[in-house]
Each structure stands twice: as structure tokens, then as C-alpha cells.
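Student: Chains as they are written, first to last, in the numbering used here: chain A, 1 to 114; chain G, 1 to 110.
One or more hints might be untrue.
Listed next, the stretches of chain G that the computed footprint assigns to chain A, with coverage defined by at least 3 CB atoms under 8 Å from CB atoms of chain A [what the hints assert, rightly or not]: (1) 69 to 80; (2) 89 to 102.
Result set (DSS-like, lysine-lysine): computed pairs, CA atoms no more than 30 Å apart in a straight line [as the list claims (entries may be wrong)]: (3) Lys71(G) x Lys40(A); (4) Lys42(G) x Lys41(A); (5) Lys41(A) x Lys109(G); (6) Lys102(A) x Lys42(G); (7) Lys105(G) x Lys40(A); (8) Lys53(A) x Lys56(G); (9) Lys41(A) x Lys71(G); (10) Lys102(A) x Lys56(G); (11) Lys42(G) x Lys38(A); (12) Lys68(G) x Lys9(A); (13) Lys109(G) x Lys40(A); (14) Lys71(G) x Lys38(A); (15) Lys40(A) x Lys42(G); (16) Lys22(A) x Lys56(G); (17) Lys109(G) x Lys38(A); (18) Lys18(A) x Lys42(G); (19) Lys102(A) x Lys71(G); (20) Lys42(G) x Lys22(A); (21) Lys71(G) x Lys9(A); (22) Lys41(A) x Lys68(G); (23) Lys102(A) x Lys105(G); (24) Lys68(G) x Lys102(A); (25) Lys56(G) x Lys9(A); (26) Lys19(A) x Lys56(G); (27) Lys71(G) x Lys53(A); (28) Lys38(A) x Lys105(G).
From chain A, some residues computed to sit far from chain G (all C-beta separations above 10 Å) [as the list claims (entries may be wrong)]: (29) Pro42; (30) Glu52; (31) Glu84; (32) Ala92; (33) Asn100; (34) Leu103; (35) Gly106.
The hints are simulated quantities; they were obtained by calculation from the structure and are not laboratory data.
No residue lacks a Cβ here, since even glycine has one placed at the ideal position from N, Cα and C.
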Amino acid sequence: DTEVTQTPKHLVMGMTNKKSLKCEQHMGHRAMYWYKQKAKKPPELMFVYSYEKLSINESVPSRFSPECPNSSLLNLHLHALQPEDSALYLCASTRDGQINEKLFFGSGTQLSVL
Amino acid sequence: GESVGLHLPTLSVQEGDNSIINCAYSNSASDYFIWYKQESGKGPQFIIDIRSNMDKRQGQRVTVLLNKTVKHLSLQIAATQPGDSAVYFCAENSNYQLIWGAGTKLIIKP
Numbered sequence: 001d002t003e004v005t006q007t008p009k010h011l012v013m014g015m016t017n018k019k020s021l022k023c024e025q026h027m028g029h030r031a032m033y034w035y036k037q038k039a040k041k042p043p044e045l046m047f048v049y050s051y052e053k054l055s056i057n058e059s060v061p062s063r064f065s066p067e068c069p070n071s072s073l074l075n076l077h078l079h080a081l082q083p084e085d086s087a088l089y090l091c092a093s094t095r096d097g098q099i100n101e102k103l104f105f106g107s108g109t110q111l112s113v114l
Numbered sequence: 001g002e003s004v005g006l007h008l009p010t011l012s013v014q015e016g017d018n019s020i021i022n023c024a025y026s027n028s029a030s031d032y033f034i035w036y037k038q039e040s041g042k043g044p045q046f047i048i049d050i051r052s053n054m055d056k057r058q059g060q061r062v063t064v065l066l067n068k069t070v071k072h073l074s075l076q077i078a079a080t081q082p083g084d085s086a087v088y089f090c091a092e093n094s095n096y097q098l099i100w101g102a103g104t105k106l107i108i109k110p
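The shape of chain A in the complex, shown without the other chains (with noise of 0.2 Å):
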């Protein structure tokens, strides 16, 4: 089972709605990760935050709000989405935000934007 937890599982919100996803890991590592994946497509990276400070921002729009209150809490705020960013989303993380460290993924919020 994964040590990284998100919530919550499944989303479905308008697109003039504002919500949040959830991340949380108790394994004292220092770096957190946002990717999207679309079906039968690979992850692509977001976000990375690194000792509690963003160091990563893929271009993302700003819709796309990340959050990280301490090291084991990450949050991403999504505000006026559009269909096409209906997806998994998953959160990650690794012991010290290296790139050769393996990340360990959550189980992923599975939004849907009407």
C-alpha cells in the first residue's frame, strides 16, 4: 500500500467551482510532486515543491493553485477548470527532491470538470 495519501479519490466540480486536493505523506521526505495523467498516457510533472519551497512550475495556467503548508502536506487549489483538464491527478513525493530518487505516488484524485 501506498505511503502517500490523497484526497479525495473521485472529484466532479463545474467549472465555476473551487476545490482542493489533498496530499499528505509521513515518510520525512522533503520533496512533493503534482502530476496529471491522462488515460493511457504517462504522468506529466506539474509542480515540484522542495524543502517546503516551490522549485518546479511546468508552465502550469493558474488555474492550477499549489499549496505546501509543511513538508507533509501538499494541496492543489483548482479554480474555473475546463473539461479538457479532466484527469488523474497524482501527488508524489521523494526523500530529498533529487532526480535520481524514486518517487513514491499516491492512488491519485480522478477529476472530472462538467
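We have chain A already, so just place chain G on it with the hints.
Tutor: Chain G in isolation, oriented as in the chain A frame:
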């Protein structure tokens, strides 16, 4: 840009047989490679990794082979079981970015 690709999008294997999943990469300077397994309804899970100074690495029932001459990576699964059904992704560290392959779906025939 450079990318990691896979030869077969779907692989069907008889239960008990060995599975071989292949991956081609294009950046000869890549120094780290990793395999993930993603079961239905779950996030990717680390299987095994290998650095470019190695040709082979073995884990529990899995072996990764790296052929730098032809820029080819493979994942071998011994005695394939129903629980091995999943999509398998290879990924490479290319210019400090993790580049993912397209994925191969492994189907186990009873």
C-alpha cells in the same frame, strides 16, 4: 525533444512464462533509468532502477538490462503472475528531467 519510447503498447503473456518489456531511449548522455508499474486505479509504483555504469541489475523476479550501444532498456519479469497485470513505464534522467516512456500494458493469459 528527446524522448523515451516503447516498442509495443500491449504485451500478452501466458501465466508462468517470462515477460520482456522493451524501451528505447534517444539521449546517449542519460545516466539513470527507472521502471514503474501502474495497476488499474493506482499510482505508479517503483520496480527497479539502473545507472548507466551498469549493464544489468536484478531484483525480486525482475531484471533490468541496459544496452548503451543501441540505447535500449528492457525489463524482464520471471514466472509472470496475474498480479503482474499493469502498465509498465520506463523513464530516463535526461538533462536533469525525468522523461517518461509511453507505457506498455502487460496482459496475463490464464
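Student: Each hint needs a verdict: does it hold in this structure or not?
Tutor: Right, here's what the structure says about each hint:
Look at the stretch 69 to 80 of chain G against chain A: 0 of its residues bring a Cβ nearer than 8 Å to a Cβ of that chain, fewer than three, so the hint is violated. With 9 residues having a Cβ less than 8 Å from any Cβ of chain A, the stretch 89 to 102 of chain G passes the three-residue criterion, so the hint holds. For the proposed pair Lys71(G) and Lys40(A), the alpha carbon gap of about 24 Å is at most 30 Å, so the pair holds. For the hint pairing Lys42(G) with Lys41(A), the CA-to-CA distance comes to about 14 Å; that is within 30 Å, so the pair holds.
Distance restraint check for Lys41(A) and Lys109(G): the Cα-Cα separation of roughly 23 Å lies within the 30 Å cut-off, and the hinted pair is therefore satisfied. Proposed proximity of Lys102(A) and Lys42(G) is supported: the alpha carbons are some 16 Å apart, at most 30 Å. Restraint check: the Cα-Cα separation between Lys105(G) and Lys40(A) comes to about 9 Å, which is no more than 30 Å; the hinted pair holds. Our distance criterion of 30 Å between C-alpha atoms is broken by Lys53(A) and Lys56(G), whose separation comes to about 37 Å.
With a C-alpha separation of about 22 Å, the suggested pairing of Lys41(A) with Lys71(G) holds against the 30 Å cut-off. At roughly 18 Å between alpha-carbon atoms, Lys102(A) and Lys56(G) fall within 30 Å of each other, so this suggested pair holds. Proposed proximity of Lys42(G) and Lys38(A) is supported: the alpha carbons are some 13 Å apart, at most 30 Å. Proposed proximity of Lys68(G) and Lys9(A) is contradicted: the alpha carbons are some 40 Å apart, above 30 Å.
Taken as a hint, the Lys109(G) and Lys40(A) pair is honoured in the structure, with Cα atoms around 21 Å apart against an allowance of 30 Å. Between the alpha carbons of Lys71(G) and Lys38(A) the distance comes to roughly 27 Å, so the proposed pair stays at or under 30 Å and holds. With a C-alpha separation of about 13 Å, the suggested pairing of Lys40(A) with Lys42(G) holds against the 30 Å cut-off. For the given pair, Lys22(A) sits about 38 Å from Lys56(G) by alpha-carbon distance, which is inconsistent with the 30 Å threshold.
About 27 Å separates the Cα atoms of Lys109(G) and Lys38(A), which keeps this hinted pair within 30 Å; it holds. Of the supplied pair hints, the one linking Lys18(A) and Lys42(G) holds, its CA atoms being roughly 25 Å apart against a limit of 30 Å. Between Lys102(A) and Lys71(G), the direct Cα distance comes to roughly 22 Å. Compliance with the 30 Å bound is thereby established for this hinted pair. Taking the CA atoms of Lys42(G) and Lys22(A), the gap is near 16 Å; set against the 30 Å cutoff, the hint holds.
For the proposed pair Lys71(G) and Lys9(A), the alpha carbon gap of about 38 Å is over 30 Å, so the pair is violated. Proposed proximity of Lys41(A) and Lys68(G) is supported: the alpha carbons are some 26 Å apart, at most 30 Å. The hinted pair formed by Lys102(A) and Lys105(G) meets the criterion: a straight-line CA distance of about 21 Å does not exceed 30 Å. A C-alpha spacing of about 22 Å is found between Lys68(G) and Lys102(A), which places the hinted pair at or below 30 Å, so the restraint holds.
Taken as a hint, the Lys56(G) and Lys9(A) pair is broken in the structure, with Cα atoms around 38 Å apart against an allowance of 30 Å. Proximity of Lys19(A) to Lys56(G) is assessed by CA-CA distance (about 46 Å); at most 30 Å being required, the pair is judged violated. A C-alpha spacing of about 36 Å is found between Lys71(G) and Lys53(A), which places the hinted pair above 30 Å, so the restraint is violated. Our distance criterion of 30 Å between C-alpha atoms is met by Lys38(A) and Lys105(G), whose separation comes to about 15 Å.
Pro42(A), annotated as away from the interface, has a beta carbon of chain G within 10 Å; the closest lies near 4 Å. No beta-carbon of chain G comes within 10 Å of the beta-carbon of Glu52(A); the shortest separation is about 21 Å. With a cut of 10 Å on Cβ distances, Glu84(A) stays outside the contact zone with chain G, its closest approach being about 20 Å. For Ala92(A), the shortest C-beta to C-beta distance to chain G comes to about 7 Å, within the 10 Å cut-off, and the non-interface label is violated.
A beta-carbon of chain G is positioned within 10 Å of the beta-carbon of Asn100(A); the least distance is around 5 Å. Listed as a non-interface residue, Leu103(A) fails to keep its Cβ farther than 10 Å from every Cβ of chain G; the least gap is roughly 7 Å. Some Cβ of chain G comes within 10 Å of the Cβ of Gly106(A); the nearest lies about 5 Å off, and the non-interface call is violated.
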